[in-house]
Amino acid sequence: MTGSSPARPRSLHWASPQRPLHPDIFGEDRNSEARHKFLIESAKREHDRVREDAERVYRDHLQKEEQQRLLQEKRKEEERIRRDEQIAAEVTRVNALKAKQVVIPAPLPDPEPPRPPAVIASAPPAVTSSSAAPPATPAPQPPSQVNVVATQNGVTPKGPSFSPDDSRPLLTTPQQLLKRPEPPLLQSNGTAPAPKAVAPPVAQNPAIPAIDRYTTIHRNLKELRRSMAQQANANRALKSRIGDMRREIRKSVGQLTAGTGANRVQQQKIVALLREALQNQVQSQLIDPSNFVMEPRNPVEGAVHNEPQLPSLFLYLLNIFAKAAIAQFINEAGARPETADPVGICIAATFSEPDFLWHGVSLIDILIAKFRIVCPVLFGYKGSEKTEQGRQRLGWWKDSGSWVTEQQHMDRMTGLGAGFAAVSLRNFGPSKKTNPYPPRHYWTAMAKIVNTPSADISNTQCVVLKSMIQNYEQKFIQFYGTAAIAALRTSLLEFPGRAPQKSAAVNSLGVLAELLKKDSGLVLG
Amino acid sequence: MADLASRITKPEDAPAVSAPETAPETQIDGGEELGTGLVQSAFDVEIKLSDLQNDTESPLFSVSTFEELGLSKEINDGLLAMNFKKPSKVQERALPLMLSNPPRNMIAQSQSGTGKTGAFVLTVLSRVDLTKPTQPQALLLAPSRELARQIQGVVMNIGQFCKDLIVEAAIPGAIARDGAVKGSVVVGTPGTVIDLIRRKQFDVSQLKVLVIDEADNMLDQQGMGEQCVRVKALIPKSTQILLFSATFPDKVMTFAEKYAPNANQMKLRHTELTVKGISQMYMDCPDEQKKYEVLCKLYGLMTIGSSVIFVRTRQSANEIQRRMEADGHKVSVLHGAYEGGDRDALLDDFRTGRSKVLITTNVLARGIDVSSVSMVINYDIPMKGPPGKEEPDSETYLHRIGRTGRFGRVGVSISFVYDRRSYQALTQIANFYGIDLIQLSPDDWDETEKKVQDVIKSSRAKPDYAPSAVAKV
Numbered sequence: 001m002t003g004s005s006p007a008r009p010r011s012l013h014w015a016s017p018q019r020p021l022h023p024d025i026f027g028e029d030r031n032s033e034a035r036h037k038f039l040i041e042s043a044k045r046e047h048d049r050v051r052e053d054a055e056r057v058y059r060d061h062l063q064k065e066e067q068q069r070l071l072q073e074k075r076k077e078e079e080r081i082r083r084d085e086q087i088a089a090e091v092t093r094v095n096a097l098k099a100k101q102v103v104i105p106a107p108l109p110d111p112e113p114p115r116p117p118a119v120i121a122s123a124p125p126a127v128t129s130s131s132a133a134p135p136a137t138p139a140p141q142p143p144s145q146v147n148v149v150a151t152q153n154g155v156t157p158k159g160p161s162f163s164p165d166d167s168r169p170l171l172t173t174p175q176q177l178l179k180r181p182e183p184p185l186l187q188s189n190g191t192a193p194a195p196k197a198v199a200p201p202v203a204q205n206p207a208i209p210a211i212d213r214y215t216t217i218h219r220n221l222k223e224l225r226r227s228m229a230q231q232a233n234a235n236r237a238l239k240s241r242i243g244d245m246r247r248e249i250r251k252s253v254g255q256l257t258a259g260t261g262a263n264r265v266q267q268q269k270i271v272a273l274l275r276e277a278l279q280n281q282v283q284s285q286l287i288d289p290s291n292f293v294m295e296p297r298n299p300v301e302g303a304v305h306n307e308p309q310l311p312s313l314f315l316y317l318l319n320i321f322a323k324a325a326i327a328q329f330i331n332e333a334g335a336r337p338e339t340a341d342p343v344g345i346c347i348a349a350t351f352s353e354p355d356f357l358w359h360g361v362s363l364i365d366i367l368i369a370k371f372r373i374v375c376p377v378l379f380g381y382k383g384s385e386k387t388e389q390g391r392q393r394l395g396w397w398k399d400s401g402s403w404v405t406e407q408q409h410m411d412r413m414t415g416l417g418a419g420f421a422a423v424s425l426r427n428f429g430p431s432k433k434t435n436p437y438p439p440r441h442y443w444t445a446m447a448k449i450v451n452t453p454s455a456d457i458s459n460t461q462c463v464v465l466k467s468m469i470q471n472y473e474q475k476f477i478q479f480y481g482t483a484a485i486a487a488l489r490t491s492l493l494e495f496p497g498r499a500p501q502k503s504a505a506v507n508s509l510g511v512l513a514e515l516l517k518k519d520s521g522l523v524l525g
Numbered sequence: 001m002a003d004l005a006s007r008i009t010k011p012e013d014a015p016a017v018s019a020p021e022t023a024p025e026t027q028i029d030g031g032e033e034l035g036t037g038l039v040q041s042a043f044d045v046e047i048k049l050s051d052l053q054n055d056t057e058s059p060l061f062s063v064s065t066f067e068e069l070g071l072s073k074e075i076n077d078g079l080l081a082m083n084f085k086k087p088s089k090v091q092e093r094a095l096p097l098m099l100s101n102p103p104r105n106m107i108a109q110s111q112s113g114t115g116k117t118g119a120f121v122l123t124v125l126s127r128v129d130l131t132k133p134t135q136p137q138a139l140l141l142a143p144s145r146e147l148a149r150q151i152q153g154v155v156m157n158i159g160q161f162c163k164d165l166i167v168e169a170a171i172p173g174a175i176a177r178d179g180a181v182k183g184s185v186v187v188g189t190p191g192t193v194i195d196l197i198r199r200k201q202f203d204v205s206q207l208k209v210l211v212i213d214e215a216d217n218m219l220d221q222q223g224m225g226e227q228c229v230r231v232k233a234l235i236p237k238s239t240q241i242l243l244f245s246a247t248f249p250d251k252v253m254t255f256a257e258k259y260a261p262n263a264n265q266m267k268l269r270h271t272e273l274t275v276k277g278i279s280q281m282y283m284d285c286p287d288e289q290k291k292y293e294v295l296c297k298l299y300g301l302m303t304i305g306s307s308v309i310f311v312r313t314r315q316s317a318n319e320i321q322r323r324m325e326a327d328g329h330k331v332s333v334l335h336g337a338y339e340g341g342d343r344d345a346l347l348d349d350f351r352t353g354r355s356k357v358l359i360t361t362n363v364l365a366r367g368i369d370v371s372s373v374s375m376v377i378n379y380d381i382p383m384k385g386p387p388g389k390e391e392p393d394s395e396t397y398l399h400r401i402g403r404t405g406r407f408g409r410v411g412v413s414i415s416f417v418y419d420r421r422s423y424q425a426l427t428q429i430a431n432f433y434g435i436d437l438i439q440l441s442p443d444d445w446d447e448t449e450k451k452v453q454d455v456i457k458s459s460r461a462k463p464d465y466a467p468s469a470v471a472k473v
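Chains E and H, in that order, give the protein sequences.
All residue numbers for the first sequence refer to UniProt numbering, where the first residue is 1 and numbers rise by one.
All residue numbers for the second sequence refer to UniProt numbering, where the first residue is 1 and numbers rise by one.
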């Protein structure tokens, strides 16, 4: 039987079950007209039935397709809205940041007193338009500096006034920042370089300080600590537990070491303590977490915690955890920057835990607020190391009223720069969780430092910049590709190149470039 | 205050115009307001030099830069890569003396963690001729293989941009029996070095510099002192000799002066020896058994990077390791029972941060520099002398606590006492150096935590490492 067509399925008989297989087909009247008509009638009915069925199926199909299409469209729309919302949120945040950065210089309407004389001498009365943002100060204006800044940056400031506005044109998109042939590729992970461009000119009035939300959060956290102390006095259960929990967290953060899997025990312990705090068996007060986040939040479907309040003990311990991490950065990574990395991993892993999110978003603002206080240059603040206020703006610490030594300050900055990179350059690609502090923040921080007008470049910035790059250049390049290489070139060669004073801190950026060349073959020059 | 112009610093009197603590912003607020309604802010005021660097006597204070010391660009870049931006006092003072020609001997004393190693390594690197990369020109001696390897690491690190720099370690097992020492810089322990010279594996004919680190220890110890004398006899007479240590007891000093004749000298009095950045405390333990529990609790009280625990016996070292590992710590134990390669590996774990707690007997009291060590624990008070006639060992105490507070960083030392004898021994040491030890108690950890935090804060607040400030004796 080979070669013959396959046997027809028997069920074929039943394909049209209503086919009139009357036995009377062989009857007497099989040739009668009535019979004929009847058969035609039956055939037509059958035809209609089949057609109807077919049409119905076809309609169903069309409907389904339409439904599918609508659904798809709806999803697309939702996706778009979500993206728009994200962008909107980012823009607001960037605006807020810009507002901040723009405003900061306000308290120094004057140029640094020590510098002007020479400069002024060379400057004709060019200052026509301090009106744009009148620093309103009797201090000597160094108008010529503006020009210096402008030419050195290759960016034209809006006006000749040496007002805080100057920083705005410099604040950039990667494109502007790089000024290099390579287009800033948005590589992998969908991590786009810092959203910018969108930012409309905020804070037109530099005299009105934008509310620095991070500082407010930081203050609220201090308040929280006080309130916990009071609660503990009245609540025995809380008092007996809170100190031990705090010390356990501090100890666990201190135990973190390099090596994959080396920190499982510590990580689990920290998470367990925070969960215990969430369960709140010691009945700490419930408080509103919105005091500790950057932007107001609404409940989100599917979030573990949509309630308006969380146990204060939980927020307190998150704060302690953040505090311990920062202290570890300062004390340990200051001496050995590479120790920051395991702490950064622990931070990212803990703050991204689904049950530690509030309204679906992490509470990492608690940590970032601390960075803002201890290492302001990461957020675009600048100042002179030779002045009181300059040092304050740079986060130079004071102990009992006097400045800590230069060595201590630079140590702190080294540790914090490395710590910031350790927190912000985490790859969540393989993870189901959401990165609580994605790499665009790293980019933004770097951009803010390298866009400092030449005259305002400080050693502190150089030290922070160096330590946020060293040991992290590979991760940075993984995220941003050629754009990262261009940014490294800007940071390690161009930025120190235009620094007015070639101090050891400035020179060490160039040395890092040398080191990258020597150790990894990365040629920037 | 009304006269804003007067607040402007004239160039010639810049330092004189010091800012009051309160930022003038507030003073000016509302004072002069322009019609624009813009709030006006103040000038930034220059900081006085004395604020910039509180104490010129600090061993970490210096005004010059490495460049001013006339170091080559390669060396300078190496320093910058290691985050050294300015010379410390011992470097600033000793380097010009050591680098001057004709070369002159040097005996230098400076507190722990103030840059002694950097000082002699810079001298060595400046003296060697790198066009003869395999010809030994500098020999550095240290009392232990750990220290020798550490110094080797520092030479290579600072010299990382120096082309053709070869640094050899002359320690047991490092040079093959039929091999030769082929490096311009050689770092080793005295016994091995002598063997290598005797067997003609080490050509010392062109040696220019001999450095002896922890010199008091090296010259004092039986055996090692002799070896040092023999090394000196084997090398060219013209070799420049540099002796370094944090401590130089008087009797050793006499010998040192003979060993390095006509030397320039930098000395400290014994009340000037402790680095003020280290907060020294003691823990009053109820009994010897409780010490284990107390120890584990310490790690929650403050931020600790790495830590070193000094114990008297191997048994207690092992027991502490067991307990601490159960508590989640990663621990290295290093004592006489380990040898050669094992010791290297254990210490490397600690150096690279794979373990953050190092438990050791006295082997490592001296010299070992792990910059992130922020706590040293004297689990047992250091004693010396024959059994039955033991007395407190002040020098060892000083070297032990010197493992922390490196290069001006905050460090904490906690000594455990639990009975009359240990308490008296510690008191004696404290009196010798004129230090106030702060008492801690294990009864209320909330209280103790607060106290420790305060102590750390206040020690940071005094950046004066001023030796004279503690002269009490």
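Hints listed in this document are in silico derivations from the structure and should not be mistaken for laboratory results.
Please note that a few of the clues may not be correct.
Sample of chain H residues at the chain E side, in silico, Cβ under 7 angstroms [claimed, not checked]:
{"no.": "1", "residue": "P103"}
{"no.": "2", "residue": "R104"}
{"no.": "3", "residue": "I194"}
{"no.": "4", "residue": "Y299"}
{"no.": "5", "residue": "T303"}
{"no.": "6", "residue": "I304"}
{"no.": "7", "residue": "A326"}
{"no.": "8", "residue": "G328"}
{"no.": "9", "residue": "G353"}
{"no.": "10", "residue": "S371"}
{"no.": "11", "residue": "D446"}
{"no.": "12", "residue": "K450"}
{"no.": "13", "residue": "Q453"}
The calculated lysine-lysine pairs, modelled on DSS-like cross-linking and capped at a C-alpha distance of 27 angstroms, are [said to hold, decoys possible]:
{"no.": "14", "chain 1": "H", "residue 1": "K86", "chain 2": "E", "residue 2": "K386"}
{"no.": "15", "chain 1": "E", "residue 1": "K517", "chain 2": "H", "residue 2": "K86"}
{"no.": "16", "chain 1": "E", "residue 1": "K518", "chain 2": "H", "residue 2": "K330"}
{"no.": "17", "chain 1": "H", "residue 1": "K86", "chain 2": "E", "residue 2": "K323"}
{"no.": "18", "chain 1": "H", "residue 1": "K86", "chain 2": "E", "residue 2": "K398"}
{"no.": "19", "chain 1": "E", "residue 1": "K502", "chain 2": "H", "residue 2": "K330"}
Think of the CB as a built atom: it goes at the ideal place given N, C-alpha and C, for glycine as much as any other residue.
Evaluation of the provided hints:
Interface restraint check for P103 of chain H: the shortest CB-CB distance to chain E comes to about 28 angstroms, outside 7 angstroms, so the restraint is violated. The interface hint given for R104 of chain H is broken, as the beta carbon of that residue sits about 29 angstroms from the closest beta carbon of chain E, more than 7 angstroms. A least Cβ separation of about 36 angstroms between I194 of chain H and chain E goes past the 7 angstroms threshold, and the interface hint is therefore violated. Interface restraint check: Y299 of chain H against chain E, minimum CB-CB distance 4 angstroms, threshold 7 angstroms, status holds.
Annotation: interface hint on T303 of chain H holds; nearest CB of chain E at approximately 4 angstroms, less than 7 angstroms. Below 7 angstroms, beta-carbon pairs count as interface contacts, and I304 of chain H has one with chain E at about 5 angstroms; its hint therefore holds. The interface hint given for A326 of chain H is broken, as the beta carbon of that residue sits about 10 angstroms from the closest beta carbon of chain E, more than 7 angstroms. For G328 of chain H, the interface hint holds, since its Cβ comes within 7 angstroms of a Cβ in chain E; the closest pair sits about 5 angstroms apart.
Hint on G353 of chain H holds. Least Cβ distance to chain E is approximately 6 angstroms, under the 7 angstroms limit. Checking S371 of chain H against chain E: minimum C-beta separation of about 4 angstroms stays under 7 angstroms; hint holds. The restraint placing D446 of chain H at the interface with chain E holds, with a minimum CB-CB distance near 5 angstroms, inside the 7 angstroms limit. Evaluation of the K450 of chain H hint against chain E yields a violated restraint, the C-beta minimum of about 10 angstroms exceeding 7 angstroms.
For Q453 of chain H, the interface hint is violated, the least distance from its beta-carbon to any beta-carbon of chain E being 11 angstroms, above 7 angstroms. Between K86 of chain H and K386 of chain E, the direct Cα distance comes to roughly 17 angstroms. Compliance with the 27 angstroms bound is thereby established for this hinted pair. A C-alpha spacing of about 25 angstroms is found between K517 of chain E and K86 of chain H, which places the hinted pair at or below 27 angstroms, so the restraint holds. Distance hint between K518 of chain E and K330 of chain H is unfulfilled; the C-alpha atoms sit about 33 angstroms from each other, more than 27 angstroms.
Restraint check for K86 of chain H and K323 of chain E: not satisfied, since their Cα atoms lie roughly 30 angstroms apart, outside the 27 angstroms limit. Between the alpha carbons of K86 of chain H and K398 of chain E the distance comes to roughly 21 angstroms, so the proposed pair stays at or under 27 angstroms and holds. Distance restraint check for K502 of chain E and K330 of chain H: the Cα-Cα separation of roughly 42 angstroms exceeds the 27 angstroms cut-off, and the hinted pair is therefore not satisfied.
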